[in-house]
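Visitor: Below are the chains, spelled out letter by letter.
Protein chains: 2
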Amino acid sequence: MKIYVTGSATTAFGELWNASPRGLARQAVFGALADAGIEIADVQALFVGNMLSGMLGGQEHLGAFFAEELGLTAPAFKVEGACASGGLALHNAVNSVMSGQYDTVVVLGIEKMTDHKPEDVATALMGAGSEEERSGGATFPGLYAMLARIHMREFGTTEEELAAVAVKNHYHASLNPNAQFHNTLSVEQVMKSSRIADPLKLLDCSPISDGAAAVVITSKKQKKAARRVEIAASAVATDSLGLAQRKTLTGLSATQQAAARAYNLSGMTANDINVAEVHDCFTIAEVLAMEDLGFFPKGKAAAAIAAGQTTVGKGGRIVVNPSGGLKGCGHPVGATGVKQIVELVDQLCGVAGKRQVEGAAVGLAHNVGGSGATSVIHILKK
Amino acid sequence: MKIYVTGSATTAFGELWNASPRGLARQAVFGALADAGIEIADVQALFVGNMLSGMLGGQEHLGAFFAEELGLTAPAFKVEGACASGGLALHNAVNSVMSGQYDTVVVLGIEKMTDHKPEDVATALMGAGSEEERSGGATFPGLYAMLARIHMREFGTTEEELAAVAVKNHYHASLNPNAQFHNTLSVEQVMKSSRIADPLKLLDCSPISDGAAAVVITSKKQKKAARRVEIAASAVATDSLGLAQRKTLTGLSATQQAAARAYNLSGMTANDINVAEVHDCFTIAEVLAMEDLGFFPKGKAAAAIAAGQTTVGKGGRIVVNPSGGLKGCGHPVGATGVKQIVELVDQLCGVAGKRQVEGAAVGLAHNVGGSGATSVIHILKK
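Sequences listed follow chains G and P, in order. Take any residue in the first sequence, count from 1 to its spot, add 30: that is its number in this note's numbering. Take any residue in the second sequence, count from 1 to its spot, add 30: that is its number in this note's numbering.
Among the hints, erroneous ones may be present.
The list treats identical chains as interchangeable, and a pair is accepted whether it falls inside one copy or across any two copies.
Claimed, not checked - Calculated lysine to any residue pairs in the SDA-like style (CA-CA distance at most 20 angstroms, straight line):
#1 Lys32 x Val392
#2 Lys411 x Asn304
#3 Lys384 x Ser204
#4 Lys277 x Ala71
#5 Lys277 x Thr103
#6 Lys32 x Gly130
#7 Lys147 x Gln89
#8 Lys32 x Lys250
#9 Lys250 x Gly130
#10 Lys147 x Gly88
#11 Lys277 x Glu99
#12 Lys277 x Gly101
#13 Lys222 x Gly297
#14 Lys328 x Ala290
#15 Lys411 x Ala255
#16 Lys253 x Glu99
Since the hints were made in silico from the structure, they are not lab data.
In isolation and in its complexed conformation, chain G is listed as follows (with noise of 0.2 angstroms):
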């Protein structure tokens, strides 16, 4: 069976004080089911990615919350794996619809975090982490800065070269209407910002956002949908929360495994992709997935991205991050796994305006949960 984005729609990604989780789902659902020619009617499952609803606002049961909201009495499922929660909440729908229970599904990522004090946040996502980590008093940009360092001192990656990727991921960002930011970046101003965790300043962070992201999953033909695209792999794998128990540092195991698996489910290699959207949630971030996804070899990434070869409109390798990544589009952490999908369907169909990849065939979409506990690798195609 074949299985279809046939609507996608995403709200603008910033810090939306005057909106509510209620108007960001409405917005982003009714823009995919517009996109799709579909009524909410023809919806017959509601999957919902989010991670911090609970923690932050006290709300969880947000299956039936959003349902309700969209007039729905079809079932809805809340689906959590911390930063991963949009990616694993299209995996169980993908699922859903091969399996016959449902064909035509929504999957919803949300979160509303700037209505929150900053170490409230902060606290609260360490609930993706460890104990030993959490009552240590890690945070992730520390855990993030431990891979770095470790990548630096392994592969002779340097500071400059990760700035390079928030420089990129800033100027896709600048051409995307939707991105949290629009402003440019230099190398300069990102090694300048105020170090957070060191080798990682405030520019090598992407950003607490809020935001909502849908698509339309189905098997069916949808005569209305303006377009469609093929989900050719959907695959997920995990390991251990805390950095502490993993074999290796130089790279995320989990990010490896799901994509052996998502490649060869899809009968395709990391050379037939042409664009992604990768889990930058810190610059080092960026450069493991180019490794760990087969993009690059271990330890050349980072010169790579700070070459150009991922930048879009410069004739590279593959082009990462063209809605500006988690950095520049921003970071409304269930949101992310399902915006990157609204993306790569963009891309796939050529309506991305000033930031379209050339010749955008094969998109890939890579979701990570805390530190790489949990990986969602989508392939997608025209």
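Given the structure of chain G, go ahead and fit chain P onto it with the hints provided.
Guide: Positioned in the frame of chain G, the structure of chain P alone reads:
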């Protein structure tokens, strides 16, 4: 494709102050694996049903959390739908096996509630309700008390009849070694217990509990499995989170819808069911379930329960909650929906000991989230 439960296990339910979530998960999952005659390495995905770990313990990312504890690097997901989290995890597990993505998966339902102050637990549980109910200071005993008042007014249901539900379920629990309570109750004892939310008294309410339950789900014949039960239907429906938005309050529309779908999927009717585990978070909830599931006409269930029509060994219409239900066996919220399946498997395989239902061939599990915003129904047969 036929889907089977080939292994099942539950921990004791209760105030397990010396047990950790990790330990409970290990006990339930390795018990279920031993029952199925398989190893952890045979497990292709893990579905975790849990509601409160984020709000009460600051720990999310539970799929990866428990995968690590169990020694799995397979895909792992947390599915949340308030007190229906266990049932929703099972539903998604069933779909994932039907999809062909995975052929053998484990569903773990788990909750650790008694380490926290009861008032904090009560507040966290309101995360299952609507914003108006939460901000207005409603509690779940209060919401179900309203449902009880309406049922009493419409159908003449009495407080003594409601008490009979607790009496029956404590009697069943007294026969279940894993139940939280082993003391039997009289109607008089229930009637004399403290009024919590009039007309509901303390002994009309399910307790705060710890516990875990796990099942192995597969489409394969597992030769070493001691026994095998088919999942003939898995169905979910939703309704508004808040009572104020419902069209009727004499029953739960989500249960009626999910039941219609489950009967349709299985080709069965209410008359085919010999044994049921239903969501008696409060005594009135079991009365509503009996009617919404079609076991008794609307308004007639309470008297039938009081007359022993659903008590084990009484030769009545159907045996309901032989485990002791949420009231007697306990209600660790994320575990409940999975424990119901464990009990039904025992019943259908004739190994339920003193609480064995004679000739049990078809069982139904009914798991509710909140005050009925989510309802999940599974039908199992030998």
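Visitor: When Cα atoms must be at most 20 angstroms apart, do Lys277 and Thr103 count as within-copy, between-copy, both, or neither?
Guide: Between copies only: 13 angstroms across, 46 angstroms inside.
Visitor: From the Cα coordinates, with 20 angstroms as the cut-off, is the pair Lys277 and Ala71 best called within, between, both, or neither?
Guide: Answer is between: at 18 angstroms across copies they meet the 20 angstroms cutoff, but 48 angstroms inside does not.
Visitor: Tell me, please, which holds for Lys411 and Asn304 at an alpha-carbon limit of 20 angstroms: within, between, both or neither?
Guide: within (10 angstroms within a copy, 49 angstroms between copies)
Visitor: Classify it for me, Lys222 with Gly297: is the Cα-Cα distance of at most 20 angstroms met within a copy, between copies, both or neither?
Guide: neither (44 angstroms within a copy, 68 angstroms between copies)
Visitor: Can you tell me if Lys147 and Gly88 fall within 20 angstroms by alpha carbon in one copy, between copies, both or neither?
Guide: Both: 15 angstroms inside a chain and 16 angstroms across chains, each within 20 angstroms.
Visitor: Within a copy, between copies, both or neither: where do Lys253 and Glu99 come within 20 angstroms Cα-Cα?
Guide: So Lys253 and Glu99 fail the 20 angstroms test inside a copy (27 angstroms) and across (47 angstroms) alike.
Visitor: First find the shortest C-alpha distance between Lys147 and Gln89 inside one copy, then the shortest across copies, and answer within, between, both or neither for a cut-off of 20 angstroms.
Guide: Result: close both inside a copy and across copies, 17 angstroms intra and 19 angstroms inter.
Visitor: Evaluate Lys384 and Ser204 at a C-alpha cut-off of 20 angstroms and name the case that applies: within, between, both or neither.
Guide: within (9 angstroms within a copy, 70 angstroms between copies)
Visitor: For Lys411 vs Ala255, is the C-alpha pair at or below 20 angstroms within one copy, between two copies, both, or neither?
Guide: within (16 angstroms within a copy, 41 angstroms between copies)
Visitor: Indicate which option fits the pair Lys250, Gly130 if close means a Cα-Cα distance not exceeding 20 angstroms: within, between, both or neither.
Guide: both (11 angstroms within a copy, 18 angstroms between copies)
Visitor: Given a CA cutoff of 20 angstroms, do Lys277 and Gly101 count as a within-copy pair, a between-copy pair, both, or neither?
Guide: between (48 angstroms within a copy, 14 angstroms between copies)
Visitor: Using 20 angstroms as the alpha carbon limit, work out where Lys32 and Val392 are close: within a copy, between copies, both or neither.
Guide: within (16 angstroms within a copy, 35 angstroms between copies)
Going down the numbered hints, you'll see the structure goes against 13 and 16, while the others check out.
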